[in-house]
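A.B. asks: The lines below spell out each chain.
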Amino acid sequence: MKGRRLYLDGVSVVFDGFRALNNLALIVEPGELRAVIGPNGAGKTTMMDVITGKTRPTEGVVSFGDADLTRLDEAAIANLGIGRKFQKPTVFDALTVFENLELALKAPRGPLPCLRWALTGEAKSRIGATLREIGLEERAQDPAAILSHGQRQWLEIGMLLMQDPDLLLVDEPVAGMTDAETEHTARLLAGIAGRRSVVVVEHDLDFVRALNCRVTVLAEGSLLSEGSIDHVQKDERVIEVYLGR
Amino acid sequence: MSVTALPGARASGLRIGLRAVLIGAVLVLAAMPVLNQLPQDHALHVSDFLVSVTGKWICYAILALSLDLAWGYAGILSLGHGAFFALGGYAMGMHLMRLIGPRGVYGHPVLPDFMVFLGYQELPWYWLGFDSFAFAMLMVLLVPGLVAFVLGWLCFRSRITGVYLSIITQAMTYALMLAFFRNDMGFGGNNGFTDFKELLGMPLSTTAARAALFYASLVALVGCYLLCRWITGTKYGRVLTAIRDAESRVRFLGYGVTRHKLFAFVLSAMMAGLAGALYVPQVGIINPSEFSPGNSIEAVVWVAVGGRGTLVGAVLGAFSVNGLKTWLTSTAPDLWLFVLGGLFVLVTLLLPRGLIGLVQGRGQGGPK
Amino acid sequence: MKRILLLLLLLALALPARAQDAMIEALPGLGGGFGAQATAVERLGALGDPRALPVLRALADGRLLRGADGGLLIREGDQLLDAATGAAVPRPEAEPARININNRVRVALRGALGRLQIVSPDPAERLAAAEGVFRMRSAENLPLLEAALTREAVPRIRERLELALGASRLASEDLEAKRAGIAALGASASPEARAVLLEARAANAALLPEIEAAVAAIDRRLQLRQAAETLFQGLSLGSVLLLAALGLAVTFGVMGVINMAHGEFVMLGAYTTVVVQDLTRDIPWLAPWSLPLAVPAAFLVTALIGAAMERGLIRHLYGRPLETLLLTFGVGMMIQQAVRLTFGAQNREVISPAWMQGTLMLPGDIAVTQNRLWILAFSLVVLALVVAAIRFTRFGLEMRAVTQRRAIASSMGIRTGRVDALTFAFGSGIAGIAGVALSQIDNVSPNLGTGYIIDSFLVVVFGGVGSLAGTLIGAFSLGIINKVLEPWAGAVLAKVFVLVAVMIFIQRRPRGLFPQKGRAAEA
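Residue numbers (full-length UniProt numbering), protein chains in the order written: chain A, 1 to 245; chain B, 1 to 368; chain C, 1 to 523.
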C-alpha cells in the first residue's frame with residue numbers, strides 16, 4: 001500500500017449539453033473500501049469512466065496521488081495502479097483461465113518484453129495463488145469462453161488481483177449472480193479491501209450493507225449524501241430520490 | 001494458438017500429426033524443382049508450369065501468413081496487404097531494373113528504358129542505392145514497413161478499428177495504385193518494370209535461377225511460418241489475441257494497445273513486402289495493377305478459406321484457393337469470379353473457421 | 001447632369017435617323033458607274049444600316065435592277081422590291097435593267113457585306129461579324145460599330161460589339177479614343193481583349209499605365225470566372241458523390257451495415273437505364289421519357305435485390321461487421337460478373353435526352369454543361385426525398401426506432417426484421433437511382449461501381465456516420481476540395497490528397513463533421 005488517495009473535485013462531464021456529471025467531488029483514502037450507490041443515470045459509470053481515462057472530464061480535477069488522471073490514457077492509468085472491473089465481465093474467451101491471469105500479471109507491458117516474457121517460478125506461484133483465491137484452480141487450462149457467468153466475474157476479479165492495483169473500481173460485481181455466488185464475491189472483495197482502496201458501484205443495498213463501509217450516494221451527476229449505510233438510508237434527500245421517482 | 005486451446009490429449013495428438021504433415025508438405029515442395037529435372041516421360045516428372053506456378057503460390061502463402069498475423073491474431077482486417085506486397089515487389093523490381101544496366105533497348109548505361117523514353121536526364125534520387133542487393137533487400141522490408149507504420153500509427157492512435165480501418169487500408173491501396181499509374185512518379189507508369197535480366201549474377205531465364213528463387217521462397221515461407229509460430233506462442237501473441245477479442249479491456253489492463261498493434265502490423269507488412277520481392281523475379285514483371293484493391297481482398301479470402309487465426313490455415317488457404325483459381329481460369333474462366341464471390345459468402349456464413357475448422361471439429365477458441 | 005443625359009439620349013435617337021438619311025443619300029451611287037458604285041458600296045458598308053444589307057446582297061447576286069426612272073429595284077423571286085424602302089412595287093411596263101459590277105466593286109462589296117452582317121437579322125451572323133470586326137482592329141469600323149451598338153439588343157452580341165469598339169478605338173489615332181478603348185477592353189473578362197491590350201503596349205508607350213491597369217482588371221475577372229467554374233465543377237462532383245453516398249448513408253450510416261456491393265447497386269441502376277432505353281426505343285411517344293422512367297425502375301430493381309440480400313445473407317451476420325464486409329464484397333463480385341456475362345464487358349451507350357445536352361452560358365461567360373446541372377438538381381431532390389422519407393413517414397419512424405433501440409421497438413410490436421429488410425432495400429434503391437444519373441456522365445460498364453464505394457464511404461465517414469446533413473456537406477466539400485486541388489496537382493494526385501486529408505481529418509474528429517449526439521454514440 002503506497003498511500004495514494006483518489007481525489008475528484010468539481011468534476012463535470014457534458015455530452016452535447018447533457019450533464020452526466022455535475023460538479024462532483026469524491027475522496028477515497030488509501031486502503032478505504034467505499035460503496036457508491038445511486039439511481040440509474042446518476043453518473044456512477046461515468047464517474048468510473050472519468051477515473052480510468054475512458055471519458056475526459058469537461059472540467060474539474062481528477063488525481064491519484066500526484067498523478068493528474070485527466071492527462072493520461074487508459075493504459076497509463078492502469079499502470080499507475082488503478083484497476084477496473086466492468087459491469088459486464090470481459091475476459092478473453094480465446095485464452096485459458098491461466099493465460100488470462102498471466103496477461104493481467106504485473107510485468108512490463110511493451111511488445112518486446114512480451115515477446116521475451118518467460119514464465120518464472122514466482123509468476124507461476126502468484127498465478128496459482130490467485131487461482132486458489134478465486135476458486136478456479138481446476139479450470140486453469142480451460143478456455144475462458146466455457147466458464148459460467150459467476151466464474152467469469154471471479155476470473156475478472158482475479159485478473160484485477162494479478163494487476164496488483166492500489167485502487168480497484170468494481171462496477172456491479174454481483175449483478176445476475178446467485179446467492180451463493182454473491183456471498184463468495186463479497187468474501188473476495190472483503191479480502192481485497194484493507195490491502196488497497198476499493199470503490200464498489202452497486203444497486204443491491206443488502207450487498208452494500210454486507211460490505212459495511214462508507215457509502216456515497218450520487219444523483220443526477222452530483223454528490224447527494226455520504227456516510228454510513230444507516231446514515232444515508234435516513235437521509236431525506238436519499239429517500240426522496242430513491243422512492244419519490 | 002487455437003491448437004493450444006484444444007482439450008489436452010487430442011491437441012497433442014493433432015499437434016504431432018500436424019507437424020508430420022507440415023514437414024511432409026515442405027519436403028514435397030522442396031522436391032519439385034528436382035523432379036522437374038527428370039525426363040519428360042518419367043512418371044514423377046513435374047512440369048515447368050507446375051514448378052513456376054507453385055513458386056508463385058509459395059509467395060502468396062507468405063502473404064497469407066502475414067495477413068493472418070494482422071487479421072487472424074491482432075484483429076486488423078487489412079484490405080491493403082496487396083499494396084505492401086506490391087511495394088516489396090517494386091523495391092525488388094527497382095533493383096532488377098538497375099541490374100539491366102546498358103542491356104536495355106535504348107542501351108543507356110544507367111537509366112532504365114522507360115526513363116530514357118520519358119526523357120529523364122538522370123536517375124531520380126529515390127533510385128539511388130538500388131543497384132546494391134543488400135540495400136534493395138533492406139528497402140523491400142523498410143518501405144512497406146514504413147507505410148504500415150505511418151498508416152497504423154494514424155489509425156490505431158485514434159482508435160480507428162473494424163470496417164473503418166479496413167476501408168482506410170483499401171483507400172490507401174487505391175491511392176497507391178493511382179499514384180503508381182502516373183508516369184512522372186518515376187516507377188514506369190502503367191507498364192511498370194519488366195525485361196529483367198539477372199539477379200545476384202544469375203541470368204533469370206536459366207533453370208538454375210528459377211530453382212534458386214523457388215528454394216529462396218520456400219525457405220522464406222518456412223522462416224516466416226516459424227517466426228509467426230514463435231510470436232503467436234509468446235505472451236505477445238496472447239496479447240494480440242486479447243486485443244482482437246476485447247481491445248478496450250486490454251487497455252484497462254495497462255497495455256499500450258497502439259504500440260502492440262503497430263508492432264504486429266508493421267511486422268506483417270514487412271513479411272508481405274518480402275513475399276512481393278520474391279514474387280517479382282519469378283513472374284518477371286511488376287506493374288501498378290498489383291496494387292488493385294481486388295488483389296488485397298483476394299488474399300483475405302485465402303486466409304478466410306483456410307482458417308484465420310491458425311497459421312497452417314492461412315498457408316493452406318493460399319494454396320487451395322490459388323490452386324482452384326489456376327484450374328478454373330484455364331477450364332472455365334467466366335466461372336472463376338462467381339466461385340471467388342461464392343467463397344466469400346460460403347466462409348462468412350457457413351465456415352467461419354475455414355478448412356482448418358473442418359479438420360479440428362468443434363474446438364473452442366476460434367476468433368469471433 | 002440630367003441635361004447632359006438628355007442631350008446624349010437625343011443624340012442617340014438622332015443617330016439612326018441620320019444614318020438612314022445617309023443611306024438614302026448613298027443609295028443612288030449604286031446605279032452609277034463602277035467608280036461611283038465602289039464609293040457607294042463602301043459608304044453603305046460603313047454606315048451600319050441594316051436596310052443596306054439586302055440591297056448590297058442583291059447587287060452581289062446580280063438581282064439589283066435599275067428602273068426606267070433611275071430608281072433601284074431588287075428582284076426577290078418573281079417580286080420586285082423598292083431598294084430604299086424594301087416595299088413591294090408593281091411590275092413596271094419597261095423591263096428594269098440589271099446592274100452590272102466589276103471586280104473592284106466586287107471586292108468592295110465583300111468587305112461591306114462582311115461588316116454589314118453586324119446588323120444582320122440573324123444573331124449568329126451578327127456575332128460572327130462582331131468577332132470579325134474585333135479581329136480587324138481598324139479605326140475605320142468605328143461608325144459601323146457605333147451604329148450597330150445603338151440597335152443591338154442581345155447582351156452577348158453587345159458585349160462582343162463593345163469589345164470590337166474598344167479594340168477599334170485603341171487602333172485609332174486619337175488619344176482620347178484610345179483611352180476609351182482601353183477602358184472598354186479593360187471592363188471585359190476576355191482573354192482576347194487581354195491579348196490585344198498586351199500587343200498595344202509597344203505602340204502606346206504613353207498609355208502604358210492605363211493598359212497595365214486594364215490587363216490587371218481583366219486578369220482579376222478571369223480569375224473570378226475560373227473560380228466560378230471550379231466551384232461549379234466541384235459542386236457537380238459533389239452531387240455525384242452525394243448520389244453515390246446517399247444509399248450508403250442509409251445502409252451504413254443508419255443501419256450500420258457495411259455493404260461493399262453498394263457500388264454494384266449503382267452499376268445495376270445504370271444498366272437498368274440501358275435496359276429501359278432499349279425497351280422504349282421503338283415506342284416513339286415513350287422513347288423521350290426513358291430516362292425519367294428508368295428512375296423508378298432502377299429503384300425497384302436494386303431495392304428488390306437489396307431486400308433479398310438482406311433477408312437471405314446479411315441478417316445472419318448482424319453484429320459482425322467484418323464478416324458482413326467480406327460477404328457483401330463477394331456478392332458484389334458475383335453481381336459484377338453476372339452483368340459482365342449478360343451485357344458484355346464493353347461500355348454500353350446511354351443516350352441523353354435533348355433537354356440534358358449542350359452547354360449553358362451563365363453571365364460572365366461561365367460555361368455550365370446541362371447534364372451536370374440536371375444531376376446537381378437531381379441529387380438535391382433525391383436527398384430531400386430521403387430526408388422526407390425518414391422524417392415524415394411511418395416507415396421512417398419505425399426505421400429510426402429499430403436502429404436506435406431495437407429491443408424496445410420490437411417490444412412495441414414493430415416487426416424489426418421487416419424494417420431491416422425495408423431499410424436495406426431503401427438504401428439499395430437509392431444506389432440504383434444514383435446509377436441512373438451516373439449513366440449520363442460515366443461509362444456504363446460492369447466495373448462502373450468499383451470506384452464509388454471508397455469515395456462514398458469517405459463521404460459518409462467525413463460527414464459523420466448517421467447524419468444526412470453531414471453526408472450533404474461532406475459530399476460537396478470533398479467535391480470542391482478535389483476540384484480546387486486538381487489544377488495544381490492533377491486529377492490523380494488531387495484524389496490522393498483528398499484521401500489523405502480525410503484520413504487526417506478522422507484523426508482530429510473521429511466521428512466526422514456532424515457527429516451523432518448523445519451518449520448512444522459513445523458506445
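Hints may contain errors.
One side of the interface only, derived from the structure: several residues of chain A facing chain B at Cβ under 10 Å [claimed, not checked]:
(1) Thr70
(2) Asp73
(3) Glu74
(4) Ala75
(5) Ala78
(6) Gly83
(7) Leu95
(8) Ala107
(9) Pro111
(10) Pro113
(11) Ala118
(12) Thr120
(13) Arg126
(14) Ala129
(15) Tyr242
With a cut-off of at most 30 Å between alpha-carbon atoms, the simulated BS3-like pairs for lysine-lysine come out as follows [to be verified]:
(16) Lys106(A) / Lys54(A)
(17) Lys124(A) / Lys88(A)
(18) Lys56(B) / Lys124(A)
(19) Lys56(B) / Lys197(B)
(20) Lys106(A) / Lys88(A)
(21) Lys88(A) / Lys54(A)
(22) Lys54(A) / Lys235(B)
(23) Lys197(B) / Lys88(A)
(24) Lys56(B) / Lys106(A)
(25) Lys124(A) / Lys106(A)
(26) Lys325(B) / Lys56(B)
Calculated directly from the structure, the hints in this document are not laboratory data.
Given the structure is predicted, the values throughout are model-derived calculations rather than measurements.
Where a beta carbon is used, it is the ideal one built from N, C-alpha and C, also for glycine.
A.B. asks: Are the hints correct? Go through all of them and say.
C.D. replies: Now the hints, each set against the structure:
With its C-beta approaching chain B no nearer than about 17 Å, Thr70(A) sits outside the 10 Å limit, and its interface hint is violated. Restraint check, Asp73(A) versus chain B: the minimum CB separation of about 8 Å is within 10 Å; hint holds. Annotation: Glu74(A) was flagged as interfacial toward chain B, and the flag holds, the nearest CB pair being 4 Å apart, inside 10 Å. Proximity of Ala75(A) to chain B holds as hinted, the smallest CB-CB distance being about 5 Å (cut-off 10 Å).
For the restraint placing Ala78(A) at the interface with chain B, the shortest Cβ-Cβ distance is roughly 3 Å, inside the 10 Å limit, so the hint holds. Here the hint on Gly83(A) is kept, as its CB sits about 8 Å from the closest CB of chain B, short of 10 Å. Using the Cβ-Cβ criterion of 10 Å, the hint placing Leu95(A) at the interface with chain B is satisfied: the shortest such distance is roughly 6 Å. Hint on Ala107(A) holds. Least Cβ distance to chain B is approximately 8 Å, under the 10 Å limit.
Because the beta carbon of Pro111(A) sits about 4 Å from the nearest beta carbon in chain B, less than 10 Å, this interface hint is met. The beta carbon of Pro113(A) comes within 9 Å of a beta carbon in chain B, closer than 10 Å, and the hint placing it at the interface holds. Because the smallest distance between the Cβ of Ala118(A) and any Cβ of chain B comes to about 9 Å, under 10 Å, the interface hint for this residue holds. With a least beta-carbon distance of about 12 Å to chain B, the hint placing Thr120(A) at the interface is violated under the 10 Å criterion.
The beta carbon of Arg126(A) comes no nearer than 15 Å to any beta carbon in chain B, farther than 10 Å, and the hint placing it at the interface is violated. A cut of 10 Å between beta carbons decides the hint on Ala129(A): the least distance to chain B is about 19 Å, and the hint is violated. For Tyr242(A), the interface hint is violated, since its Cβ never comes within 10 Å of a Cβ in chain B; the closest pair sits about 30 Å apart. For the hint linking Lys106(A) to Lys54(A), the alpha-carbon distance of about 21 Å falls within 30 Å, and the restraint holds.
Of the pairs offered as hints, the one joining Lys124(A) and Lys88(A) holds, with about 28 Å between alpha carbons and a cut-off of 30 Å not exceeded. Between the alpha carbons of Lys56(B) and Lys124(A) the distance comes to roughly 45 Å, so the proposed pair goes past 30 Å and is violated. For a cut-off of 30 Å, the pair hint linking Lys56(B) to Lys197(B) stands: about 19 Å separates their Cα positions. The hinted pair formed by Lys106(A) and Lys88(A) meets the criterion: a straight-line CA distance of about 23 Å does not exceed 30 Å.
Annotation: proposed proximity of Lys88(A) to Lys54(A) holds, straight-line Cα distance about 16 Å (limit 30 Å). The straight-line distance between the Cα atoms of Lys54(A) and Lys235(B) is roughly 25 Å, inside the 30 Å bound, and the hint therefore holds. For the proposed pair Lys197(B) and Lys88(A), the alpha carbon gap of about 62 Å is over 30 Å, so the pair is violated. For the given pair, Lys56(B) sits about 45 Å from Lys106(A) by alpha-carbon distance, which is inconsistent with the 30 Å threshold.
The straight-line distance between the Cα atoms of Lys124(A) and Lys106(A) is roughly 12 Å, inside the 30 Å bound, and the hint therefore holds. In summary, the hint linking Lys325(B) to Lys56(B) is supported, as the alpha carbons are separated by about 13 Å, within the 30 Å threshold.
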